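Protein chains in written order, with the working numbering: chain A, 928 to 1074; chain B, 928 to 1074; chain C, 928 to 1074; chain D, 928 to 1074; chain E, 928 to 1074; chain F, 928 to 1074; chain G, 928 to 1074; chain H, 928 to 1074.
Please keep in mind that the hints were generated in silico from the structure rather than gathered at the bench. The structure presented is a predicted model; accordingly, all values stated were derived computationally and were not measured. All C-beta atoms in this analysis are idealised placements derived from N, C-alpha and C, irrespective of residue type, glycine included. A portion of the hints provided could be inaccurate.
Stated by the list, open to error - Here are the simulated lysine-lysine pairs, DSS-like style, with alpha carbons at most 27 Å apart:
1) D/Lys1058 / C/Lys1058
2) C/Lys1016 / D/Lys1058
3) F/Lys951 / E/Lys1014
4) H/Lys1016 / H/Lys951
5) C/Lys1014 / C/Lys1058
6) D/Lys1016 / C/Lys1032
Claimed, not checked - Not close to chain B: a few residues of chain C, all C-beta gaps over 10 Å, as computed:
7) Ser940
8) Ser941
9) Ser949
10) Ser961
11) Gln967
12) Lys988
13) Ile992
14) Ile995
15) Asn998
16) Ser999
17) Asp1013
18) Glu1065
19) Tyr1069
20) Glu1073
8 protein chains.
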Amino acid sequence: MIWRVYLSGEIHSSWREEIILSAKEANLPIVFHSPIIDHQKSDAAGDVLGVENNSFWRDHKSSKINAIRTNSRIEMCDLVIICFSDKYKQWNAAFDAGYCAARNKPYITLHNESIIHPLKEVDAQAMAWTKTTAQIIEILIYITSEG
Amino acid sequence: MIWRVYLSGEIHSSWREEIILSAKEANLPIVFHSPIIDHQKSDAAGDVLGVENNSFWRDHKSSKINAIRTNSRIEMCDLVIICFSDKYKQWNAAFDAGYCAARNKPYITLHNESIIHPLKEVDAQAMAWTKTTAQIIEILIYITSEG
Amino acid sequence: MIWRVYLSGEIHSSWREEIILSAKEANLPIVFHSPIIDHQKSDAAGDVLGVENNSFWRDHKSSKINAIRTNSRIEMCDLVIICFSDKYKQWNAAFDAGYCAARNKPYITLHNESIIHPLKEVDAQAMAWTKTTAQIIEILIYITSEG
Amino acid sequence: MIWRVYLSGEIHSSWREEIILSAKEANLPIVFHSPIIDHQKSDAAGDVLGVENNSFWRDHKSSKINAIRTNSRIEMCDLVIICFSDKYKQWNAAFDAGYCAARNKPYITLHNESIIHPLKEVDAQAMAWTKTTAQIIEILIYITSEG
Amino acid sequence: MIWRVYLSGEIHSSWREEIILSAKEANLPIVFHSPIIDHQKSDAAGDVLGVENNSFWRDHKSSKINAIRTNSRIEMCDLVIICFSDKYKQWNAAFDAGYCAARNKPYITLHNESIIHPLKEVDAQAMAWTKTTAQIIEILIYITSEG
Amino acid sequence: MIWRVYLSGEIHSSWREEIILSAKEANLPIVFHSPIIDHQKSDAAGDVLGVENNSFWRDHKSSKINAIRTNSRIEMCDLVIICFSDKYKQWNAAFDAGYCAARNKPYITLHNESIIHPLKEVDAQAMAWTKTTAQIIEILIYITSEG
Amino acid sequence: MIWRVYLSGEIHSSWREEIILSAKEANLPIVFHSPIIDHQKSDAAGDVLGVENNSFWRDHKSSKINAIRTNSRIEMCDLVIICFSDKYKQWNAAFDAGYCAARNKPYITLHNESIIHPLKEVDAQAMAWTKTTAQIIEILIYITSEG
Amino acid sequence: MIWRVYLSGEIHSSWREEIILSAKEANLPIVFHSPIIDHQKSDAAGDVLGVENNSFWRDHKSSKINAIRTNSRIEMCDLVIICFSDKYKQWNAAFDAGYCAARNKPYITLHNESIIHPLKEVDAQAMAWTKTTAQIIEILIYITSEG
Chain A
928 MIWRVYLSGE
938 IHSSWREEII
948 LSAKEANLPI
958 VFHSPIIDHQ
968 KSDAAGDVLG
978 VENNSFWRDH
988 KSSKINAIRT
998 NSRIEMCDLV
1008 IICFSDKYKQ
1018 WNAAFDAGYC
1028 AARNKPYITL
1038 HNESIIHPLK
1048 EVDAQAMAWT
1058 KTTAQIIEIL
1068 IYITSEG
Chain B
928 MIWRVYLSGE
938 IHSSWREEII
948 LSAKEANLPI
958 VFHSPIIDHQ
968 KSDAAGDVLG
978 VENNSFWRDH
988 KSSKINAIRT
998 NSRIEMCDLV
1008 IICFSDKYKQ
1018 WNAAFDAGYC
1028 AARNKPYITL
1038 HNESIIHPLK
1048 EVDAQAMAWT
1058 KTTAQIIEIL
1068 IYITSEG
Chain C
928 MIWRVYLSGE
938 IHSSWREEII
948 LSAKEANLPI
958 VFHSPIIDHQ
968 KSDAAGDVLG
978 VENNSFWRDH
988 KSSKINAIRT
998 NSRIEMCDLV
1008 IICFSDKYKQ
1018 WNAAFDAGYC
1028 AARNKPYITL
1038 HNESIIHPLK
1048 EVDAQAMAWT
1058 KTTAQIIEIL
1068 IYITSEG
Chain D
928 MIWRVYLSGE
938 IHSSWREEII
948 LSAKEANLPI
958 VFHSPIIDHQ
968 KSDAAGDVLG
978 VENNSFWRDH
988 KSSKINAIRT
998 NSRIEMCDLV
1008 IICFSDKYKQ
1018 WNAAFDAGYC
1028 AARNKPYITL
1038 HNESIIHPLK
1048 EVDAQAMAWT
1058 KTTAQIIEIL
1068 IYITSEG
Chain E
928 MIWRVYLSGE
938 IHSSWREEII
948 LSAKEANLPI
958 VFHSPIIDHQ
968 KSDAAGDVLG
978 VENNSFWRDH
988 KSSKINAIRT
998 NSRIEMCDLV
1008 IICFSDKYKQ
1018 WNAAFDAGYC
1028 AARNKPYITL
1038 HNESIIHPLK
1048 EVDAQAMAWT
1058 KTTAQIIEIL
1068 IYITSEG
Chain F
928 MIWRVYLSGE
938 IHSSWREEII
948 LSAKEANLPI
958 VFHSPIIDHQ
968 KSDAAGDVLG
978 VENNSFWRDH
988 KSSKINAIRT
998 NSRIEMCDLV
1008 IICFSDKYKQ
1018 WNAAFDAGYC
1028 AARNKPYITL
1038 HNESIIHPLK
1048 EVDAQAMAWT
1058 KTTAQIIEIL
1068 IYITSEG
Chain G
928 MIWRVYLSGE
938 IHSSWREEII
948 LSAKEANLPI
958 VFHSPIIDHQ
968 KSDAAGDVLG
978 VENNSFWRDH
988 KSSKINAIRT
998 NSRIEMCDLV
1008 IICFSDKYKQ
1018 WNAAFDAGYC
1028 AARNKPYITL
1038 HNESIIHPLK
1048 EVDAQAMAWT
1058 KTTAQIIEIL
1068 IYITSEG
Chain H
928 MIWRVYLSGE
938 IHSSWREEII
948 LSAKEANLPI
958 VFHSPIIDHQ
968 KSDAAGDVLG
978 VENNSFWRDH
988 KSSKINAIRT
998 NSRIEMCDLV
1008 IICFSDKYKQ
1018 WNAAFDAGYC
1028 AARNKPYITL
1038 HNESIIHPLK
1048 EVDAQAMAWT
1058 KTTAQIIEIL
1068 IYITSEG
């Protein structure tokens, strides 16, 4: 069985690369999917639809183009991993968590101890809270093992 | 027809009271529901289940008790209004928005211009973005009017 | 048992008033719901959210406010009646029909013979095609009668 | 990941061929599906079931045969692109849009500026409004790219 | 708690009246719903839509009008009772059973021993097989009693 | 695209073989599934679970084993074809039709003119009524053709 | 808002009465529902359908009659409370918990510390684990309070 | 067609190995999935997330990690087989059964006669009750055979 795992959230550190590399080294039967993590490219996703002077509408158009990718991938994945940093607002990451909760899609959070309290509702419906990518890898090894 | 409206999000200003009062003055056929907005009471919702030394588990228990209220009310409401301030993390508010989006439950956001960009994914699936409670009231008057 | 019936579509003739009046005269146990049929008011539904120079965004905002009403009412109704004229585009009426079909919500169309061919996909998933409001009333009398 | 894209709507211009050809040239990992676009063949889809003197029933039978194809393909696709011309009624295209909206199936519209107003409800629930097939291709390149 | 019970199937004997009368005498908190059981009236349900020379289309139109009633009532009932006689085809009754099974709507069958074998698939997904209306009443008394 | 088609209903004539053979000759991209059509084997499907003196329970056990096959296959198929003869009760075939209707699974009926009236509710929610396997093949050719 | 709470599980102690009485004294806006807790009456629920020599079939018939009650009530309740004792098998209580989990119906468990380990999967998807009815009452007071 | 079968429940005997081996010998087109059946490894599934002094939380974390595996596999399987022993509590097995029932996922139980009565609710919604793995194999041969 091939697992599909979606890596949502924080885009300013190398957590995705670490997980993908370690999973590869461990030969895990996992295909990973991610949002577009090039920040500028993501913000400009809707620019092809025409210039907007109003930044709200520029953001609106780009977010919807990105949503085509995000929703399709979340729906088809078996597990979602959502990373939060203590530096950014990352409301989109919390949004993805709520979306997963409502769809019965299991998700795991990745964040350090300093933001336990503001993330309590997000963690309450997660299948696990992790602090390191090493923990994520251990879990992926476990859940993808047979019997 | 009686409408049910859930007021999610920011708990440090009087936006809920303003909406409820204005709706009452306008005789709108709306029943409002809210989370427990007494911060300390909400954080302590799970304390009855036993003392926890680890703050993660204290938060975990309280969040789940609160989730019984939140999910029931979101499911039964016709519309959710979600308020974001520029001061707090409010990941629970973004979580509620994602939950609504996944359930086809219409929601309206309430926040000022300074946080348009970080809220772009949340706004992209909202039915409207408002900046003032006066705008909310206008919309409630409109949608509750008959033909 | 009280039935809820939603009257979707054409807004330039008196078909809604005819149905509502006849149903009242026949004492049918039906509550009717309608979109906002004042064309200007409907087009301006989103103006409270701020002026838009671009007509696309003005329409966008108003349509979403109207969608809060439409979707809520379609979901809660037992039957939807959708009227098409041969004069207008009425893509919103066909949109409502597709929405109903996907949700297993029964709908009846009301239109004259001249537009049978372009409405064939809409009629194919309808429970009935009617040409007059008198036929609608006969059907409402029948379905609301007990055993 | 292979994407499936359904091309719904207008059948009198070459927009489908343009998209399919460009996607092929760009080596996009997309399988396209379309309705039967030979107008006469589509109208005659139900003739094998027996001759009808009444044009309503002839249309009825053909529409239902076509609906087997349409619904199956919309359900299995990741994205639907719906093209409207300003010359035709195309209520079936708006019907497909309503069907997609009710199923949470993302769709993009393709039409020129002259019909923004009558399409406002259809566009309000679309993920994007495009005016050219070149814009469509840009979006397809973006959403099918990995991370 | 008021229960809603739908009485589907055979229309040539007095089983519905027996159940309704006994339930009334026992003061059971049940509202009963039934199809139109006047055979001629039911067959003519669609005649208001225009005369059909082809009996298939006459039946088609009447069946769809009746389906508006049937589906609405099955959806809103807590329990469906489906009666089969050994004299008639009653494919509509078996159709209702299949519909209930797919919707997780509990149903009870009522038929005598002579047709156990042809009804085996229908009975396999029923909550009970009864032979008399007296048994039905016993069950209704039991399930409507509190704790 | 490979289509999956389930062949439900009548087991005393060669309609399945005709369809499968013709589809093969026409090279249609279809995989067919069927119930166990060996009548005795099907009736004995549950005998491995232990002898029953009471014929009701023997039928009950076999029907449930068969239901594992039937429901799995109906769920995974794109189209169901249901054949009725005028000689048998075939309540299981009507049950499958009701199941399909409730799941939005398109189905086509196959039966001769003599049983139009008793099958009117079954036909009312079918996508087509056919009288011959040749008609079925024509439809399969049509729906499996690309654009 | 009136809440509906279903009390599932253990039937040999007075936990239900304690909760119902305390809720009444506290004037909580709650309607409680319970299974039939008279053990003999519950085991005999299907006897009206005819005598069975085989105890498996007697149990089978009674369980299905009880399932009509259980499933209807679980579906309509806002919260389920499930009590486990350390003395009995109570597989039906764990079955109800799994049913709730799959339906997104929030449930709270009530059991003492000695059975934490065997109940770990049941507790993992519960909204809270309680040890006393006093804790239950505190939670009910909290969740039924408005804002 | 390849079937997917999930083997839930009792972990102290060799029933899984017997089924898998026999299925292999009979060349059945079945892929089997199981929970982690190494008891200690399963109990420790969450230890990577950090040490817990409180056994409740240790169990909680491990159960949730295991639930990622269990729920994914149950959702993707065509059939679940659930084994109960008369020696253990196995509330997780009954929980899986309730989960299956609520999701319309067919399941078969495997247990001896001594526990018929406490398992009556679990068996009532099962597709079959078996006593030996030989019976399971017979059923698997039957359901995986074509027409």
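Results of checking the hints against the structure:
{"no.": "1", "hint": "D/Lys1058 / C/Lys1058", "in the structure": "37 Å, violated"}
{"no.": "2", "hint": "C/Lys1016 / D/Lys1058", "in the structure": "19 Å, holds"}
{"no.": "3", "hint": "F/Lys951 / E/Lys1014", "in the structure": "41 Å, violated"}
{"no.": "4", "hint": "H/Lys1016 / H/Lys951", "in the structure": "31 Å, violated"}
{"no.": "5", "hint": "C/Lys1014 / C/Lys1058", "in the structure": "15 Å, holds"}
{"no.": "6", "hint": "D/Lys1016 / C/Lys1032", "in the structure": "24 Å, holds"}
{"no.": "7", "hint": "Ser940", "in the structure": "14 Å, holds"}
{"no.": "8", "hint": "Ser941", "in the structure": "13 Å, holds"}
{"no.": "9", "hint": "Ser949", "in the structure": "17 Å, holds"}
{"no.": "10", "hint": "Ser961", "in the structure": "4 Å, violated"}
{"no.": "11", "hint": "Gln967", "in the structure": "13 Å, holds"}
{"no.": "12", "hint": "Lys988", "in the structure": "7 Å, violated"}
{"no.": "13", "hint": "Ile992", "in the structure": "6 Å, violated"}
{"no.": "14", "hint": "Ile995", "in the structure": "5 Å, violated"}
{"no.": "15", "hint": "Asn998", "in the structure": "7 Å, violated"}
{"no.": "16", "hint": "Ser999", "in the structure": "5 Å, violated"}
{"no.": "17", "hint": "Asp1013", "in the structure": "23 Å, holds"}
{"no.": "18", "hint": "Glu1065", "in the structure": "23 Å, holds"}
{"no.": "19", "hint": "Tyr1069", "in the structure": "25 Å, holds"}
{"no.": "20", "hint": "Glu1073", "in the structure": "24 Å, holds"}
In summary, the numbered hints that this structure violates are 1, 3, 4, 10, 12, 13, 14, 15, 16.
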